[in-house]
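Number of protein chains: 2
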Amino acid sequence: MAGRCIAALVILSVLVMAAASLAEEGMWPLDKLDKTMYKRMKAMGLELSSKDIYDGKGGGIAYAIVQLGGGTASFVSPKGLMFTNHHVAFTALQRVSTAEQNYIEEGFLAEGYEDEIPAPGYRAYVLLSIKDVTKKVFGAVKDEMSDLERYNAIEMRSKEIVEECEENRDVECRVASFYDGMEYKLFTYFVVKDIRIVYAPMRSIGNYGGDIDNWMWPRHTGDFSFLRAYVAPDGSSAEYADENIPYVPSVFLHISSKGVKKNDFTMVIGYPGQTMRYRSSNSIGHHQNFNYPRRIKMFRELLNIFNRAAEADESVAIKVASFDAMLNNAMKNYEGMLEGFEKAGLLDRKLAEEKEFTAWLESNGEMKKKYDDVLPSIKAQYDDYKMRREKNMITGFTGFGCLMIRASSMIYRWCLEKEKEDIEREPGYQERDVPRLKQGLKILQLSYDRETDKKVLSYFMHRALELPENQRIEAFDDMMSEAPGSSDSDKIDAIIEELYSGTKLESAEERLRMFDLSRKELLEEGDPFIEFAMKLREEIKVLEEKDKGFGGALNKLRPKLIEAYAKWKGGALYPDANGTMRLTYGVVKGYSPKDAVNYSYITNLSGVVEKHTGEEPFDCPEEILELYEARDFGGYVDAVTGDVPVDFLSTCDITGGNSGSPILNARGEVIGSAFDGNYESISADYLFNERLTRDINVDVRYALFVMDKVSGAQHLLDELTIH
Amino acid sequence: MAGRCIAALVILSVLVMAAASLAEEGMWPLDKLDKTMYKRMKAMGLELSSKDIYDGKGGGIAYAIVQLGGGTASFVSPKGLMFTNHHVAFTALQRVSTAEQNYIEEGFLAEGYEDEIPAPGYRAYVLLSIKDVTKKVFGAVKDEMSDLERYNAIEMRSKEIVEECEENRDVECRVASFYDGMEYKLFTYFVVKDIRIVYAPMRSIGNYGGDIDNWMWPRHTGDFSFLRAYVAPDGSSAEYADENIPYVPSVFLHISSKGVKKNDFTMVIGYPGQTMRYRSSNSIGHHQNFNYPRRIKMFRELLNIFNRAAEADESVAIKVASFDAMLNNAMKNYEGMLEGFEKAGLLDRKLAEEKEFTAWLESNGEMKKKYDDVLPSIKAQYDDYKMRREKNMITGFTGFGCLMIRASSMIYRWCLEKEKEDIEREPGYQERDVPRLKQGLKILQLSYDRETDKKVLSYFMHRALELPENQRIEAFDDMMSEAPGSSDSDKIDAIIEELYSGTKLESAEERLRMFDLSRKELLEEGDPFIEFAMKLREEIKVLEEKDKGFGGALNKLRPKLIEAYAKWKGGALYPDANGTMRLTYGVVKGYSPKDAVNYSYITNLSGVVEKHTGEEPFDCPEEILELYEARDFGGYVDAVTGDVPVDFLSTCDITGGNSGSPILNARGEVIGSAFDGNYESISADYLFNERLTRDINVDVRYALFVMDKVSGAQHLLDELTIH
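Chains A and B are the protein sequences, given in the same order. Using this note's numbering, read the first sequence as starting at 3 and increasing by one per residue. Using this note's numbering, read the second sequence as starting at 3 and increasing by one per residue.
Note that these hints are calculated values from the structure, not bench results. Note that this is a predicted model, so its numbers are computed, not measured. Be aware that a few hints might be false.
To be verified - Which residues of chain A face chain B? A partial, calculated answer using Cβ under 7 angstroms:
id: 1; residue: D597
id: 2; residue: N600
id: 3; residue: S602
id: 4; residue: T605
id: 5; residue: E612
Said to hold, decoys possible - Result set (BS3-like, lysine-lysine): computed pairs, CA atoms no more than 27 angstroms apart in a straight line:
id: 6; chain 1: B; residue 1: K444; chain 2: B; residue 2: K422
id: 7; chain 1: B; residue 1: K264; chain 2: A; residue 2: K263
id: 8; chain 1: B; residue 1: K711; chain 2: A; residue 2: K596
id: 9; chain 1: B; residue 1: K711; chain 2: A; residue 2: K591
id: 10; chain 1: B; residue 1: K711; chain 2: A; residue 2: K263
Idealized CB from N, CA, C, for every residue including glycine.
Here chain A stands alone, though its shape is the one from the complex:
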């Protein structure tokens, strides 16, 4: 599911109410796992104590699990070796590949530490502690505040808490909101900034089935890779340096080669990005009728641009591969989401539920007094949002898809923010963020192709022409009115020509130089993209403030709704995913997608061979075909199927961000790596369906088989602790 990308794309967070009726449903915060939960897990087979999993003081297997590259990874050796998905390492592989040395296509194996390749831009977040700061945060809020003021007060207090937490320490702190603003917690991480690529199988194993099989079962993808964490010789966090040494984690996981069978207990610990299981009908309606259809259309059109460029030139293909994969993945996600909404009749069910809820309020004077205005108030917020949603979408995605717009907006924004006190600055533009911003400006080079970037900008400008009267982008309209040319297309071409021929931002060096300039100096440069960014900024600021008001209002309303629903229905609820560490547990289990069709819980090497057509993405490597032909399975054989296992299903509740999470057995040993959900699970972000929702994991035995028999990675196998 390449989940890391999805989380990044969800710009507007928006609404499902589901009772945590089934034990398997739920992404539980580690500090929320109580005795009842452990009892249930033990009944299902868990052999560990609660302290073996998470003791809150740096002990327990949970501490071996890190957030990495928007996904998850786990330490599997005392020398900082991390096990994750191939698709989590994909952007790194893309950034270091060239047409001559294509690590995506051919895979990579470092023969020793000295061969490991730096993964530019990658960071691993190692959890140190979790602390409840709800009271502290709410201490900044006053009843009489407007929505925007409330939003800003919470943001400011959060920054203060983070600043205090990070002061004089080699850590990164984050305040996360739970239950849509009901609780706040402070997370402290040690950040590993020197990540290196150790091993990745060739694309035809690591991404076997490609976009066709993405979100699909049966699946035959060897979606795994290994990276290593490095720190300064003194153990402190440091950017890449020759002298750096492997990081020694406090805990690392063992591997089980014993395999899985039906109904085995499983758990996944990782960093799910976002779920929306407590949202209202307004949110569902927004996504179903506007957000997803629009994004699907836009992404399809952008993919056409990228694909044409990639077909014409292999070096461009490498540059756009990562963005291309992300768009494809997100598009399929949205399509599955829409299909899931419709199949489940989600909107109708939400509306019916809200009707029942309202009837309950009517029948209960006290509750009515307290919660009567919640749903109408949420609706009013969405009605207001409609008045800017078209403009929001175009401006948001232009600054995301066009790299020159992205760079110029970032540089200009920084020159504004740097004039403020650090604590006053926008999150993401504080002193602590500077290295990451700079790194972003630098590595942008690896994805940049001028002609493609021009086409992307041209695409968005044409879309901007179609905006309704009350949502025009004035900066753009002004440029159009002054541009030479008789047709809109000619004018857009002329604007783009002027922007790209006049800019210095195509050079990484120049971008970094300009980043350090003051506003005055920057404007004196006269760079046309910076000038465009400046004009755009005024309009985006207005949108942002409105969105903050929207956020502030919902931040007050949603917890109230969850509170009311909890009272209405009774029982404890788990909080939606928010990019913090969660545990989900379940069992190994197949499913029936439709009448008379039953999917087994596991796939086999014979299925890899069966899908082989010789053409990407079903171009199984010759090595695998030969091993299969010779039945040379090297002992990595499943006892039930008599074949080499490839991928398996479990009922664990995961989402984007969980990619690369270890899936563990009853003893906490790694039995695989979670890398996807089935198609039916896409809409589980809104509504978990126990009958159909499954996570897809690469079986660790397949990883061992490929490392051993295909790649000859014996030294890597030796580094693991395999039971």
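For this one, chain A is given, so just place chain B on it according to the hints.
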């Protein structure tokens, strides 16, 4: 599979060698079932004696099974009521439907005998006896004969046998060749010529899933219908007449409402059309590289013509529906065949087998002497065939697809044949065939639409322009050289305009009048289509004689090959299907089409509802939706699934022509009606794969449920004997 059509389409019969290694494989002639077979069947669960099934003297359930409309049906009441597929009755429904009264769409239920609607052109063949005539046939063959002479001698002797058999009797006789010419048998049938439509469910039940689900599993089609056989008051065979009375069969089948479960014994008795399990690599190569790909392309292009015409006008849609369904079905068949060939690597396997066979010959002096020339001789025949195959295909399909060409060719051919002694005439053009030929000329009206027919002819003329130099259709080239117009298209339009504006053949009355004319009288009519047919006839005759020589040669070579293979491999072989009655037995069983996917043996009403989209072909009737919603199953519930059963799978070995065959339980009771094979079974015509080949049957309980709860056909249920 709408099998009846497939058999009709296989113009050139062409090759697989498979050992009858598995008891479930094989379509056994009833008179070939020996003790070993019965023993095996009993071991699998059969509770009947051999005489209960077929005693050779008119006794046994086999005698309740008839050939009907290119498919199969079975008597299920003492009053001539026949149970068959909806798609076997489809052409009849189409012929009697109008835009106002559309029986295809709405279904039909006769409230009593008097409401039953004649099914024009339908005939039921009731088996009376089977007799071995091999010696008699070979008595006409002499060693020194050429291939063509041999072909003609066998054909002539067969006609003599038929003539003798039919003399002064109310029967129809046919000589059928077994093992590609190794044995000959005489079949005597009583022909019921007055068939009437009794009941057909609406299209959205009888053809639920349509072309999308055709050849597919899981399936949810209620593919069944009831017709009735009528004879003259004295019991003799008679065309439709008011005074006719229901036919009293010697045997009729009982119905079981007890249902099926996994591994239950099943048998299917019916009229499979053609299999080619003993063919050589030359035949496979011909189909894989020429025949199927060409037909697929041609049928797709013809379907485009029909579909455009049907979309524009509903009355045209009804006229072309039957032909359209047949093309669609055949196209899917060919596609499945090609996919099956490739998946199974059939050509390579055949070549390898022949290599082994040749090596065996080399090692065995006596065998080498006897069989050394067989494979090379077959190859030589195919090489020769290549020199006319393009022309063969165009002329063959033009006379098939364009109804005016079809009618004029038939009329002209008949005026030639009638000049000969009856016994000298081409099979199909003898005195005995006259009523059928006339009927064909009459009912052609029901499918005729002038504009569509013109477009079809234009299509074939354009294809004829592309023929290679050595395979030109001279009659057509001559017309082109004389036609006005500057471009080929203009010329073709002019030719077509002249043909259709000048012909009288569009009137059924005129066609029947001309049919009775002598050659001289016919030519004096000056009908442009008749003139065209006359010119074409000369060229087609040359092709036909060459094909007969090809047939004569293969008729000698193939039995020799089968004989040699039998000696090489040892063991008994069943003969390929040839349109005569066969029995196949097996068990109720699902299958796994690919890794991690398992198909259950049965589908359910919940699956019908699941597939419902409201749009054809998945437009489940409101009545069914309501019954399902209300769980109003009326007792037609499967004990295992707790749902109303719809279709089920068994391992019985069937092919086109079996459509409508009863599938029977261990006691010989009807448990369903065979109507299709799964996609993986398409290539089973060449190679039976026990793991994947399944037949698809409508569960008789679904038929009863629909008749009872949807159609209220209580009087029809009362006519059945249900256990």
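We went through each hint and held it up to the structure:
1. D597: Because about 3 angstroms separates D597 of chain A from the closest Cβ in chain B, which is inside the 7 angstroms limit, the hint holds.
2. N600: Because about 4 angstroms separates N600 of chain A from the closest Cβ in chain B, which is inside the 7 angstroms limit, the hint holds.
3. S602: At 4 angstroms from the nearest chain B Cβ, S602 of chain A passes the 7 angstroms test, so the hint holds.
4. T605: 5 angstroms, holds
5. E612: For E612 of chain A, the interface hint holds, since the closest Cβ of chain B sits about 6 angstroms away, which is under 7 angstroms.
6. B:K444 x B:K422: At roughly 25 angstroms apart (the allowed maximum being 27 angstroms), K422 of chain B and K444 of chain B satisfy the hint.
7. B:K264 x A:K263: Judged against 27 angstroms, a Cα distance of about 25 angstroms means the pair holds.
8. B:K711 x A:K596: 25 angstroms, holds
9. B:K711 x A:K591: Roughly 38 angstroms separates the two Cα atoms, so the pair is violated.
10. B:K711 x A:K263: 44 angstroms, violated
Consistency with the previously given hints fails for numbers 9, 10, ordered from lowest to highest.
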